[in-house]
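> Sequences listed follow chains A and B, in order. Residue numbering for the first sequence follows full-length UniProt numbering, starting at 1 and increasing by one per position. Residue numbering for the second sequence follows full-length UniProt numbering, starting at 1 and increasing by one per position.
Errors might be hidden in some of the hints.
Identical copies look the same in the list; a pair holds intra-copy or inter-copy alike.
With a straight-line Cα cutoff of 16 Å, these simulated EDC-like cross-link-like pairs (lysine to aspartate or glutamate) come out [claimed, not checked]: (1) 400 <-> 354; (2) 400 <-> 428; (3) 177 <-> 432.
I should point out that these hints are in silico values taken from the structure, not numbers from a laboratory.
Letter by letter, the chains look like this.
There are 2 protein chains.
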Amino acid sequence: MAPLTSALTHSLQSLFGERYTTSLALREQHGRGEAHHAAALPDAVIFAQTTAEVSQIVRLCAAENVPVIAFGAGTSLEGHLSAVQGGVSIDLSRMSTVTRVSPQDLDCTVEAGVTREQLNTHLRDMGLFFPIDPGANATLGGMAATRASGTNAVRYGTMRENVLGLTVVLPSGQIIKTGGRARKSSAGYDLTRLFVGSEGTLGIITEVTLRLYGLPEIISAALCSFESVEQAVAAAIQVVQLGIPVARMELMDRGLIRAVNAYSGLELKIEDTLAFEFHGSPAGVQEQVEMVSAIVEENGGRNFAWANAPEERSRLWKARHNAFYAVVSQRPNARGWSSDVCVPVSRLGDCILETRALLKDCSVPAAILGHVGDGNYHVVFAVDPSNAAELAEVAAINKKMVRYAISVGGTSTGEHGVGTGKIAYLREEHGDAVDLMMAIKQAVDPAGIMNPGKILP
Amino acid sequence: MAPLTSALTHSLQSLFGERYTTSLALREQHGRGEAHHAAALPDAVIFAQTTAEVSQIVRLCAAENVPVIAFGAGTSLEGHLSAVQGGVSIDLSRMSTVTRVSPQDLDCTVEAGVTREQLNTHLRDMGLFFPIDPGANATLGGMAATRASGTNAVRYGTMRENVLGLTVVLPSGQIIKTGGRARKSSAGYDLTRLFVGSEGTLGIITEVTLRLYGLPEIISAALCSFESVEQAVAAAIQVVQLGIPVARMELMDRGLIRAVNAYSGLELKIEDTLAFEFHGSPAGVQEQVEMVSAIVEENGGRNFAWANAPEERSRLWKARHNAFYAVVSQRPNARGWSSDVCVPVSRLGDCILETRALLKDCSVPAAILGHVGDGNYHVVFAVDPSNAAELAEVAAINKKMVRYAISVGGTSTGEHGVGTGKIAYLREEHGDAVDLMMAIKQAVDPAGIMNPGKILP
Numbered sequence: 001m002a003p004l005t006s007a008l009t010h011s012l013q014s015l016f017g018e019r020y021t022t023s024l025a026l027r028e029q030h031g032r033g034e035a036h037h038a039a040a041l042p043d044a045v046i047f048a049q050t051t052a053e054v055s056q057i058v059r060l061c062a063a064e065n066v067p068v069i070a071f072g073a074g075t076s077l078e079g080h081l082s083a084v085q086g087g088v089s090i091d092l093s094r095m096s097t098v099t100r101v102s103p104q105d106l107d108c109t110v111e112a113g114v115t116r117e118q119l120n121t122h123l124r125d126m127g128l129f130f131p132i133d134p135g136a137n138a139t140l141g142g143m144a145a146t147r148a149s150g151t152n153a154v155r156y157g158t159m160r161e162n163v164l165g166l167t168v169v170l171p172s173g174q175i176i177k178t179g180g181r182a183r184k185s186s187a188g189y190d191l192t193r194l195f196v197g198s199e200g201t202l203g204i205i206t207e208v209t210l211r212l213y214g215l216p217e218i219i220s221a222a223l224c225s226f227e228s229v230e231q232a233v234a235a236a237i238q239v240v241q242l243g244i245p246v247a248r249m250e251l252m253d254r255g256l257i258r259a260v261n262a263y264s265g266l267e268l269k270i271e272d273t274l275a276f277e278f279h280g281s282p283a284g285v286q287e288q289v290e291m292v293s294a295i296v297e298e299n300g301g302r303n304f305a306w307a308n309a310p311e312e313r314s315r316l317w318k319a320r321h322n323a324f325y326a327v328v329s330q331r332p333n334a335r336g337w338s339s340d341v342c343v344p345v346s347r348l349g350d351c352i353l354e355t356r357a358l359l360k361d362c363s364v365p366a367a368i369l370g371h372v373g374d375g376n377y378h379v380v381f382a383v384d385p386s387n388a389a390e391l392a393e394v395a396a397i398n399k400k401m402v403r404y405a406i407s408v409g410g411t412s413t414g415e416h417g418v419g420t421g422k423i424a425y426l427r428e429e430h431g432d433a434v435d436l437m438m439a440i441k442q443a444v445d446p447a448g449i450m451n452p453g454k455i456l457p
Numbered sequence: 001m002a003p004l005t006s007a008l009t010h011s012l013q014s015l016f017g018e019r020y021t022t023s024l025a026l027r028e029q030h031g032r033g034e035a036h037h038a039a040a041l042p043d044a045v046i047f048a049q050t051t052a053e054v055s056q057i058v059r060l061c062a063a064e065n066v067p068v069i070a071f072g073a074g075t076s077l078e079g080h081l082s083a084v085q086g087g088v089s090i091d092l093s094r095m096s097t098v099t100r101v102s103p104q105d106l107d108c109t110v111e112a113g114v115t116r117e118q119l120n121t122h123l124r125d126m127g128l129f130f131p132i133d134p135g136a137n138a139t140l141g142g143m144a145a146t147r148a149s150g151t152n153a154v155r156y157g158t159m160r161e162n163v164l165g166l167t168v169v170l171p172s173g174q175i176i177k178t179g180g181r182a183r184k185s186s187a188g189y190d191l192t193r194l195f196v197g198s199e200g201t202l203g204i205i206t207e208v209t210l211r212l213y214g215l216p217e218i219i220s221a222a223l224c225s226f227e228s229v230e231q232a233v234a235a236a237i238q239v240v241q242l243g244i245p246v247a248r249m250e251l252m253d254r255g256l257i258r259a260v261n262a263y264s265g266l267e268l269k270i271e272d273t274l275a276f277e278f279h280g281s282p283a284g285v286q287e288q289v290e291m292v293s294a295i296v297e298e299n300g301g302r303n304f305a306w307a308n309a310p311e312e313r314s315r316l317w318k319a320r321h322n323a324f325y326a327v328v329s330q331r332p333n334a335r336g337w338s339s340d341v342c343v344p345v346s347r348l349g350d351c352i353l354e355t356r357a358l359l360k361d362c363s364v365p366a367a368i369l370g371h372v373g374d375g376n377y378h379v380v381f382a383v384d385p386s387n388a389a390e391l392a393e394v395a396a397i398n399k400k401m402v403r404y405a406i407s408v409g410g411t412s413t414g415e416h417g418v419g420t421g422k423i424a425y426l427r428e429e430h431g432d433a434v435d436l437m438m439a440i441k442q443a444v445d446p447a448g449i450m451n452p453g454k455i456l457p
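All chains should be built: construct the whole structure from the sequences, respecting the hints.
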């Protein structure tokens with residue numbers, strides 16, 4: 001990869017004026033996400049405002065073999081934003097217009113920089129919502145790029161299922177539209193799903209068309225505590241296997257509850273906990289609650305605590321969404337390291353057991369949490385990024401946890417993406433299919449300027 | 001593309017013995033699907049029994065630049081099976097083992113030649129089912145390859161949402177596995193979704209891992225009639241917009257009902273009809289029925305006729321699944337031409353109105369039917385394949401219908417695929433994104449031996 005030449009700098013500067021910057025503070029902010037990964041600074045940051053501008057930047061950079069890295073809210077957890085080979089960070093956060101909402105079709109189109117909270121605020125008065133909710137208030141472009149999910153995926157799916165179409169700037173600067181507004185299509189290769197989860201390595205997503213949902217008639221949330229994580233997981237597995245359509249089913253171990261209480265000013269019982277949310281009609285929710293209550297009780301759960309008032313519910317889920325920050329805040333100057341695996345639900349119990357054993361003698365604060373309805377769970381570690389021994393200790397635990405997940409038919413990352421952090425496991429998980437991924441990368445981005453050093457070994 | 005050399009013939013013959021054939025009858029059977037498209041015969045047919053054998057065939061053919069075309073049940077509707085450049089048809093129907101079912105994880109793995117009916121028979125005693133149901137008893141490999149759906153997609157999604165992973169033989173003969181058994185993953189490019197819908201042009205699917213569902217506690221089906229298709233569609237749109245989780249919602253116009261009665265020995269009222277199926281708990285089904293009944297009544301629907309006994313329901317849906325054959329059988333020696341578009345549901349009313357206008361003076365028998373909950377509908381024409389004027393007349397209607405669908409944000413094919421029949425519309429629908437599809441095809445299959453002449457212009 002080439003450095004920014006003065007000619008390119010000049011062109012970009014004259015096109016973008018003050019929206020082109022090389023300020024150290026901004027480069028530092030754009031060279032990393034929220035996790036432990038070391039920053040790698042881009043040479044410049046440009047605040048783009050339109051798809052045409054993104055195309056212009058990419059075209060100019062492509063001509064000089066300069067890397068481009070898309071930046072949304074900066075909340076990535078696996079090093080996606082590190083400019084490991086320098087280049088230009090294209091900040092899309094000012095592309096924040098909700099372009100179209102069609103309540104009749106339950107879909108909308110947004111610019112890539114719209115955040116999930118912004119979209120839901122926009123939708124609320126129309127009786128609609130968009131369910132995908134990674135912890136952070138990420139942008140929808142970023143969420144598409146990492147194939148994000150969150151607490152509602154057990155009921156509503158992930159970005160994979162909820163993106164209908166995209167506008168993408170290709171490495172040549174060419175602008176294409178993928179997908180469309182039909183709910184289903186058999187018309188050609190599924191380019192939408194190729195870009196969803198491609199982490200900016202094949203093109204830059206500038207616009208996203210999304211499925212929306214009507215706000216449920218009734219929403220009801222509940223917490224219940226267990227004497228052990230194993231009991232909680234056993235209950236969760238039964239709920240999945242019976243096909244009860246819970247909207248959320250979250251595991252929080254007692255370490256996490258402690259952290260969340262401190263960070264969010266709550267007074268939840270410090271026990272291993274499942275948090276549920278039920279969506280539906282009054283009778284439907286009632287049925288789900290009865291079935292889940294029976295399962296919880298059967299597995300030794302107790303203290304079903306309800307949070308039905310909207311403000312109570314939002315306090316609960318906001319606290320859950322802030323779990324990462326809560327764990328990290330336990331320790332001054334720490335950064336979070338969030339591991340993320342997903343396994344077939346029948347193996348969730350032994351995977352979590354194995355993970356708990358790995359954490360037994362861990363020297364840094366750590367908590368287990370997860371979207372257990374999908375077989376997806378995380379361990380968040382609060383690490384001192386300057387302490388090499390500590391980083392090595394956590395890396396070793398992470399490696400064992402990921403390998404165990406892969407060995408039972410699971411994946412090295414359920415929702416955070418590969419970035420730089422999971423590259424080492426890609427071949428272990430996908431074998432020779434990785435060669436095909438590389439062939440596609442080579443075909444789409446032969447010069448390798450799109451977010452280099454991510455996903456592929 | 002090269003013809004079969006005698007050396008290649010010799011190698012294949014000595015490897016496959018009687019499972020290698022050049023019999024005219026078998027070549028004729030393998031050179032076409034069920035629709036109007038003219039047959040184009042492969043030079044030979046091989047009945048493969050394992051993934052390794054498929055790999056062997058592909059490797060040998062690749063070395064000589066000979067095309068390979070995968071064949072399942074032969075039920076394709078858009079000319080996918082035509083050996084337009086000759087080559088070898090690889091028949092996968094003998095790869096019909098259900099390899100694994102995991103009730104605890106609600107998933108299974110099947111060989112590509114397992115049919116949807118075979119799978120559901122296999123699952124029935126476990127209380128599970130696989131919902132995707134194109135009319136024909138297609139193979140699951142073929143359904144994955146065309147991104148098929150059917151009557152249940154409004155509730156359960158299509159093959160896009162229900163394939164977890166694949167085994168694929170690449171054009172080099174290399175065998176890869178895509179995806180896995182985790183419900184979600186962010187680990188690299190979504191190769192599974194790239195192959196789903198690629199119609200054998202990127203590789204041959206030999207094994208499919210699928211999501212399964214528990215059989216619903218209660219299933220209830222009903223037909224109701226309307227004075228006009230417009231009224232029926234208006235009711236269907238309201239059901240979608242209210243988010244009522246119907247499992248099936250099928251439009252059958254009066255022409256179709258007449259054909260179905262004659263073909264399947266039923267005595268349904270000859271009126272424009274919506275057929276519903278409701279899945280859920282007793283209370284849930286009751287709620288759905290009440291809401292749908294109110295909507296139907298509001299839109300002038302009447303004669304809610306229930307089919308709740310299992311044998312009644314299966315007779316109804318079997319008749320619906322045979323709709324294509326029913327229309328075709330109205331005319332001796334006819335073949336079916338099934339057009340297939342999908343539009344945003346808010347535009348479904350005017351699209352169907354427009355289609356009815358196109359059909360007003362059509363000289364061949366035709367009927368409208370559709371998975372209206374998804375905005376997906378078909379017109380089935382019974383054409384005389386030797387009558388050029390008739391084929392031209394239907395082609396003109398088809399073209400107008402497809403273009404209208406694309407103009408309102410819809411797709412040229414909701415579930416039948418592109419094959420040879422929809423190639424002409426690909427660029428109209430996807431614009432420059434088609435260039436990217438071609439670049440991917442070029443990267444994966446540089447010699448162009450995989451089902452040449454399909455999907456891409």
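> Which numbered hints are broken by the structure, listed smallest first?
none
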